[in-house]
Amino acid sequence: KQEVTQIPAALSVPEGENLVLNCSFTDSAIYNLQWFRQDPGKGLTSLLLIQSSQREQTSGRLNASLDKSSGRSTLYIAASQPGDSATYLCAVEGNTDKLIFGTGTRLQVFP
Amino acid sequence: GAVVSQHPSWVICKSGTSVKIECRSLDFQATTMFWYRQFPKQSLMLMATSNEGSKATYEQGVEKDKFLINHASLTLSTLTVTSAHPEDSSFYICSSTRTRGFSNQPQHFGDGTRLSIL
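Protein chains in written order, with the numbering used here: chain A, 4 to 114; chain B, -18 to 99.
Be aware that one or more of the hints could be misleading.
[Unchecked claim] 25 Å max Cα-Cα, derived DMTMM-like pairs, lysine to aspartate or glutamate:
1) B:K22 x A:D42
2) B:K1 x B:D92
3) A:K4 x B:E44
4) A:K45 x B:D92
5) A:K101 x A:D42
6) B:K22 x A:D87
7) A:K101 x B:D92
8) A:K45 x B:D69
9) A:K101 x B:E3
10) B:K36 x A:D42
11) A:K101 x B:E44
12) A:K71 x A:D30
13) A:K45 x B:E3
14) A:K101 x B:D46
15) B:K1 x A:D42
16) B:K45 x A:D100
17) A:K101 x B:E33
18) B:K47 x B:E68
19) A:K4 x B:E40
20) B:K47 x B:E33
21) B:K(-5) x B:D92
22) B:K22 x B:D92
23) A:K101 x B:D69
24) A:K71 x A:E6
25) B:K45 x B:E3
26) B:K47 x B:D92
27) A:K71 x B:D8
28) B:K22 x A:E59
29) B:K22 x B:E44
30) A:K101 x B:E40
31) B:K(-5) x B:E44
32) B:K47 x A:D100
33) A:K101 x A:D30
34) A:K4 x B:E3
35) A:K101 x B:D8
36) A:K45 x B:E68
37) B:K36 x B:E3
38) A:K71 x A:D100
Don't read these hints as lab results, they were simulated from the structure.
Bound-form chain B, shown alone (with noise of 0.2 Å):
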């Protein structure tokens, strides 16, 4: 079954609504959490690394003003896509591994979120 789980799986709203997406570990502790966008067609391309109790690590190119992360918990992370605009329309997924100290573990992925702004 699922160890990673991600909420929503669709949302559709209209330009200017800031969009929450939950990530959830569900069966380990996940010190780290990881934000991937996927255009159409595309590969996944990292946004930024979540570090539970510390601030968000953002890739190069990527508004850490537009994209809020929070990650309360070790099994919690949370995105934020604020005042979404259509650009910002695509696939977001998150994935976590155990915490440090199980080496060269898998990448744990959720279902995704299609993030629709019309």
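The shape of chain A in the complex, shown without the other chains (with noise of 0.2 Å):
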């Protein structure tokens, strides 16, 4: 049974460092790996998908790898900003299209 774990569950950090955020999976016969943002009260925003394939994929200030193999996968912010307080979810999905989300990262950023 897949088991996703995220580290750190809460960090608070001041405006401009850059941040990694962890994931890692217990099966590694995985279709891709998706990270997700999601602000209180809200649904699901989609931030970055990586293919079984891929090494990482990046979309502005933020980058994520994956490390198949051994099951993990990071998501790197640089130079934060408040407005990327959220909570961050990484997701894998499997052959069957069923996500399997992680516990969460809390993460604040003050100004």
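Once you've looked at the hints, go ahead and assemble the two chains, each given alone in its own frame, into the complex.
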């Protein structure tokens, strides 16, 4: 059974810092890995999707890497801003379209 | 803009009421839609997979008679919480992907429905 864990559970940093959020999964037989952002009381916004054959994806200040063999992914946020404050979720997809979500990292960036 | 619309966004009702939540894909055909539940400060848990024109597939521990799912068209899936009780209070979120053939497409999520049962 696939299990997804995210570390840290919560993070509070001053504006401008570069951040690394970690995601680990127990079954390396994945189709892809996705990172999402969730604002309080809202749905999910897709940030990055990394296919199993890829090593990383970049979008603006975000960079996500994937090491499938070790069951790990990291989300790197450069030059963090208060608007980046949210919960970040990673999720892995197997061959059934189902997404298994991690526990999330609650990020607060203060001015 | 949003590609998945979920309605209503917020429901408060008395215990014993049945509540219907709609999930619409706005600009693509969604053969498959997913329904999740999220309790406070917890992650999303998949409840069921909704397939257009066929019965939904429920995850272990989810009562199919309690959570009725209908996926009558390629753009609409509904979740009905029957005879809701306070323990059903939660945040319900749907998602969908494009029809198969578009490999490795991200799932698009609705904005969620906060259900509060008094």
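Hints, one by one, checked against the model:
{"no.": "1", "hint": "B:K22 x A:D42", "result": "holds (12 Å)"}
{"no.": "2", "hint": "B:K1 x B:D92", "result": "holds (15 Å)"}
{"no.": "3", "hint": "A:K4 x B:E44", "result": "holds (21 Å)"}
{"no.": "4", "hint": "A:K45 x B:D92", "result": "holds (5 Å)"}
{"no.": "5", "hint": "A:K101 x A:D42", "result": "holds (22 Å)"}
{"no.": "6", "hint": "B:K22 x A:D87", "result": "holds (18 Å)"}
{"no.": "7", "hint": "A:K101 x B:D92", "result": "holds (19 Å)"}
{"no.": "8", "hint": "A:K45 x B:D69", "result": "holds (18 Å)"}
{"no.": "9", "hint": "A:K101 x B:E3", "result": "holds (20 Å)"}
{"no.": "10", "hint": "B:K36 x A:D42", "result": "violated (32 Å)"}
{"no.": "11", "hint": "A:K101 x B:E44", "result": "holds (19 Å)"}
{"no.": "12", "hint": "A:K71 x A:D30", "result": "holds (9 Å)"}
{"no.": "13", "hint": "A:K45 x B:E3", "result": "holds (16 Å)"}
{"no.": "14", "hint": "A:K101 x B:D46", "result": "holds (22 Å)"}
{"no.": "15", "hint": "B:K1 x A:D42", "result": "holds (24 Å)"}
{"no.": "16", "hint": "B:K45 x A:D100", "result": "holds (20 Å)"}
{"no.": "17", "hint": "A:K101 x B:E33", "result": "holds (16 Å)"}
{"no.": "18", "hint": "B:K47 x B:E68", "result": "holds (12 Å)"}
{"no.": "19", "hint": "A:K4 x B:E40", "result": "holds (13 Å)"}
{"no.": "20", "hint": "B:K47 x B:E33", "result": "holds (20 Å)"}
{"no.": "21", "hint": "B:K(-5) x B:D92", "result": "holds (23 Å)"}
{"no.": "22", "hint": "B:K22 x B:D92", "result": "holds (17 Å)"}
{"no.": "23", "hint": "A:K101 x B:D69", "result": "holds (23 Å)"}
{"no.": "24", "hint": "A:K71 x A:E6", "result": "holds (14 Å)"}
{"no.": "25", "hint": "B:K45 x B:E3", "result": "holds (17 Å)"}
{"no.": "26", "hint": "B:K47 x B:D92", "result": "holds (22 Å)"}
{"no.": "27", "hint": "A:K71 x B:D8", "result": "violated (33 Å)"}
{"no.": "28", "hint": "B:K22 x A:E59", "result": "violated (28 Å)"}
{"no.": "29", "hint": "B:K22 x B:E44", "result": "holds (23 Å)"}
{"no.": "30", "hint": "A:K101 x B:E40", "result": "holds (11 Å)"}
{"no.": "31", "hint": "B:K(-5) x B:E44", "result": "holds (20 Å)"}
{"no.": "32", "hint": "B:K47 x A:D100", "result": "holds (24 Å)"}
{"no.": "33", "hint": "A:K101 x A:D30", "result": "holds (14 Å)"}
{"no.": "34", "hint": "A:K4 x B:E3", "result": "violated (30 Å)"}
{"no.": "35", "hint": "A:K101 x B:D8", "result": "holds (21 Å)"}
{"no.": "36", "hint": "A:K45 x B:E68", "result": "holds (21 Å)"}
{"no.": "37", "hint": "B:K36 x B:E3", "result": "holds (17 Å)"}
{"no.": "38", "hint": "A:K71 x A:D100", "result": "holds (18 Å)"}
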